[in-house]
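Listed below, chain by chain, are the residues.
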Amino acid sequence: MQLTGNHVVEASPAKVWALLMDTDTLARIVPGVTKLEKIDDTTFKSTLGVKLGPVSAAFNGNLQMENVMEEKGFTLKIQQNSKVGNASAAIEISLTPLEETKTAIAFNGDVKLSGMLATMGQRLIGGVANTLSKQFFSNMEKELLP
Amino acid sequence: MSIRINVTVNGVAFSHEVEPRLLLVNYLRDVLRLTGTHVGCDTSSCGACTIHVNGKATKSCTMLAVQADGCEITTIEGIAPSDDELHPLQEGFRECHGLQCGFCTPGMIMTAADILQNNPNPSEEEIRVGLEGNFCRCTGYHNIVKSVQYAAHKMKEVTV
Amino acid sequence: MSTTHGLIGKSVKRVEDRRFITGHGKYTDDIILPGQTYASFVRSPYAHAKILSVDTNAAASMPGVVAIFTGADVENVNGVPCGWQVNFKNGHHMKEPKHPLLVADKAKHVGDAIAIVIAESQAEAVDAAEAIVVEYEELPAIVDASKAVEDGAPQVHDSAPNNICFDWALGNPIEEVDAAIAASAHVTTLDFVNQRLVPNAIEPRAYNASYDQYNDKYTLYTSTQNPHLIRLLMCAFVLGIPEHRVRVVGPDVGGGFGSKIFHYTEEALLTWCTHKLRRPVKWTSTRSESFLLDAHGRDHITKADMGFDASGNITALRVKTYANLGAYLSTFASCVPSYLHGTLLQGLYTTPKINIDLVAVFTNTTAVDAYRGAGRPEATYLLERLLDLAAHEMNMDPAELRFKNFIPPFDGVTQPGYQTQVALQYDSGNYHGVLEKGLAMLGYEDFRKAQKEAANNGKLLGVGFSTYIEACGIAPSAVVGSLGARAGLYEVGHVRVQPSGKISVYTGAHSHGQGHETTFAQVVADKLGLPMEDVEIVHGDSEAVAFGMGTYGSRSLAVGGSAIIKSLEKVIEKGKKIAAHKFEANPEDVDFVEGRFVVKGTHHSAPFSDIALRAYVPHHYPAGLEPGLDFSSFYDPANFTYPFGCHIAVVEVDKETGKVQLTRFVAVDDVGNIINPMIVEGQIHGGVVQGVGQALFEGAEYDENGQLTNGSYMDYCMPRADDFPMIETASQVTPCPHNPLGVKGAGEAGCIGSTPAVVNAVIDALWSGGHKVKDIRMPLTSERVWRAMQQ
Amino acid sequence: MIPVAFDYQRAVTVDEAIAALSSGDGKILAGGHSLLPAMKLRLNQPAKLVDISKIDALKGIKEEDGEIVIGAGTTHGTIASDDLIKSKLPFFATAAALIGDVQVRNHGTIGGSLAHADPAADWGALVLAADAAIITKGSSGSRRVAAVDFFQGLFTTALEDGEIITEVRIPVPAEGTKTSYQKFSQPASRFAIVGCAIMKKADGKINIAFTGVGEVPFRDSAAESAASIEAAVTAAAEGITVMSDHFASEEYRKHLAKVYLRKALEAVA
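Residue numbers (the working numbering), protein chains in the order written: chain A, 119 to 264; chain B, -10 to 149; chain C, 26 to 816; chain D, 832 to 1100.
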């Protein structure tokens, strides 16, 4: 499934970038993260709990950043496994400065589900992705509040 | 953790310790060995597991055995008035060739009994809509509808 | 009910019903054996993935776990075999990659089994299976058969380059067909998909295997359509167990529709496990697993061209098809798109030139095999869609176009059978008859008037036709052998007359809804002039029935029934000898009339029961006369049988939403002689609804990663009671000239004829509203129909 | 299929249920028709179920203080055949009869459905169109949440952890009020692809609500304020994120929303 979106936050690219590069903050803003452990500069081990409607599942896996371009963007590779199926994604995230204190964050990528998640989740996957990305940005905005 | 339940099934009282996760259908099939109630799916869609709980058609795969505590249950094995007689629906299904492989049949009969209980005079359309929660892959439903019509007619005769 | 005569042709109520309507049927999952254990599987969530590791440690120590086996444990066990060999055009054998009982290295479709957990209870087995950790490396998957053959596509099996299992052609030389198409006044071309279906018998597959070590004896209860065939395949080809050590029982089986013909890995694996564990092992598929594992049906991508001369006579048919076989070669997968499909492309028409070019392809999807109709629905769909579309394009009446092209009537007795361009010789047929009858039942002229009126009022009504033929009664062993079948396709009928004159009949056919216990008893009782109550039909147990080939391809009565007739004839012949001895007459002077042995021209006669008793009390027998009245026969048919018919659908299409409502369905079927009209009608009803299911509701949807995205009843749309009107059926009888009952088979007819009729009706409705649409992809969901109207 | 093992506690009163929920990872079991299938597929693995299906106080339909009060534990089947509902809120009866099948309607409850908040469930559109309030209760007492504030996102409601729905309260419609519920069903699950609920008040003001269309059931204020049926249809479902699946793409779903709005408007015209 294609995941595309755009969001404007009230912060400079530098501030947004710093936030995205900070493990502790990231752990707070990525929806459902219960554990995020930095393995190296670009790799994290993660545990997520997703609770949404019929599904309540624990995911384990990796988050990895590729093509990192300071304050401009990166590709986020996600591999998350659970008992009811796995999710993987490659999402390009790019930051564009709008004004001094505004940044447009665009994301574009592909999400793949497997197993029971793929079988049972097809009607909901779009909505779930939307909901999770909304939560992500709303959490980010909370972090950015002075 | 096990929980004691008391249920009446086909007029007989039972008392068992069951795990909370035990589905009612598995209680009936595996504990009481009433295997006429079948499992055809895992999404509460096909209706093969339909029984009556306190007189109402119920998908027994979507109810825990612990939820049935204190309930009156009727299964296909207990719907006829006696061992030597048939319920008008059972008779209807045989007379009208309302079954082929027989796997969906118990659920069909139990659902149809609920339909007729609430509407002794159903139209063809009402029967068809009433059976929307029961799948049959063999009969094309044509003769099932006729079987229910047969039973409706028969039950009216009996009450008159 | 003690009718003794004229049982043939009577709608006798079914004798098997009593156990089913009271909840006392005995299906495999109903059986619990002493010491029972339960199995659960770890299955690949990926369509294509390397298995890097399988960690069973945590699971092994969980409560109730008896054993865990993985692919490594069965590496030296054979895979399940394919029963039909098809060769490449160049003569090479088709590719037959191993279908292992558990995969060790690479998963090739979602649901491929990685490990089996056996535990004391089902819940414990499921809990432990969930605790097994498998590490995968996901590989790119291929789903689409026409893309799978392209260079660079992901490879399902290393041994099958470009994912090709085999390529194959049949019919007239392609140059001749190309030339005939090129010379045609009109060519109708259709690019279409005959989509993949999930069989969905309501009883999920179930197996219970046990081993008695003290007698070295296995028993396998299996939800199968053919217990003997499973025993043969499993013993001889997979496990290497002597067949006499294995009893296979197919008890009551909750529908098959083809999906329970095949030898599945779980049957062999459970049998292997029970030997290891010395305890019975049971597994019942969940519906979610059924969606991923039960062999699917259809899945063809086709381009077809049909040429016509200026007056509408068909000049040629050219077909190019990619058949998706899924990840593994299932038991009969290879013959379905080839010999059960290509050979039916003559249809009912005199088409002089036909060629089919087929490529059978592996993909990372569930295996595809015979599903009600098996190849013949695909052929019928192709022909009947082309015919109706051609009629629209040439502005001709679709019924007229068919009449113009029908093969003239022939009875196969005084007139020869009809030799097609695609290998078969039809036995007997009267194709005009069924269409005439169908048109009369429909009230064709009135319908066309109503349709016009409706169109003027902004309503879209449509009628669709389908005149089909199928090849049933599978089949002459010599013929199928020459086409690559690895088994004979005869049937066994054993008649045991008990001393009291009661009859036990053992048939190798298996009933899973078809009503053999009734129909076969009718045949036997009628032939012997006995009440039906005196006859029992035994089937489904390899220990009781000497041998058998099972039920599929609408063959039970045509082949299995004929085998019983052969044995009954032997019984009567022997009975005459015994009667002759009793009356001191010549055997040639004894007749068997209405259940009595009669000495011609005398008043001497004895009822069947008297002779039966004498057969077992052989006092004062002459030399050479053996006691007993017990005969077995193998019947190998002389030809396939060829049922045919005419199906007509009437639909209303909602202009605003595209929703299709089937308002009428007329089915006129000619299945030869009819033993029990009630049962035949029931078969037609069920088949029609299944076929309409394909047209309007059903279809497996895979995403590009090989995930089945509608693998549950919440998304895979099953036909339901309120989707249908009453079905209007009628029959025509053109007896089969080459089997003793004159029967042709009725199990698949409904499913073969109905699908194109409904699609044609929707297309017709759209044309009536000015939407000149060639094709809408099945199933015809509301959105697809609505989109077609937006163009 | 077998759920993961869990603890089970049956509550006989609402307070008992709330107390049971306050400890541990508990979920409420009402009719069970949303939760149990997910648990059987192991998509959901709660540690504890609190069974509220035997709480009599949650059942029944009555008129009280100018409101129709539907207990959260009332089944769809009861609502479909209730005389008060049929006379005062006929579209509730229509909608209830279209949920699931006979067996599901015998057990599934309005409260369970609302709490689950499936974006394609029927009740969302109904409670929105009827200006209903959802009454919840938790350890800190009762709350009255207007339907428009109840649905907050995909499967997300104003219900807080430890709270249960006790009642749905609908102002008794004035004489002359007309209602309609028009549904286009997903053919397999028979959930709504589009469900359009309309309440036309005696003064002519129209409430329009949709379910199945977006990620959340919603009141369509643009359509409500339109001057004509035509204008309402044109405005309907514009500017919202429309769902898409293999039964109905975004474009087709939006089209259906308009078609079904027209049907509903014509029904109350």
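Simulated from the structure, these hints should not be mistaken for laboratory data. Yeah, the Cβ is synthetic: ideal placement off N, Cα and C, and Gly gets one too. Among these hints, one or two may not hold up.
[Claimed, not checked] Here are the simulated DSBU-like cross-link-like pairs (lysine-lysine), alpha carbons at most 35 Å apart as the crow flies:
(1) B:K145 x C:K51
(2) C:K35 x B:K145
(3) A:K163 x D:K858
[Claimed, not checked] Rough simulated footprint, nothing fancy, chain D against chain A, three-plus residues with beta-carbon under 8 Å:
(4) 165 to 173
(5) 177 to 188
### Query
Out of the numbered hints, which ones does the structure contradict?
Failing hint: just 5.
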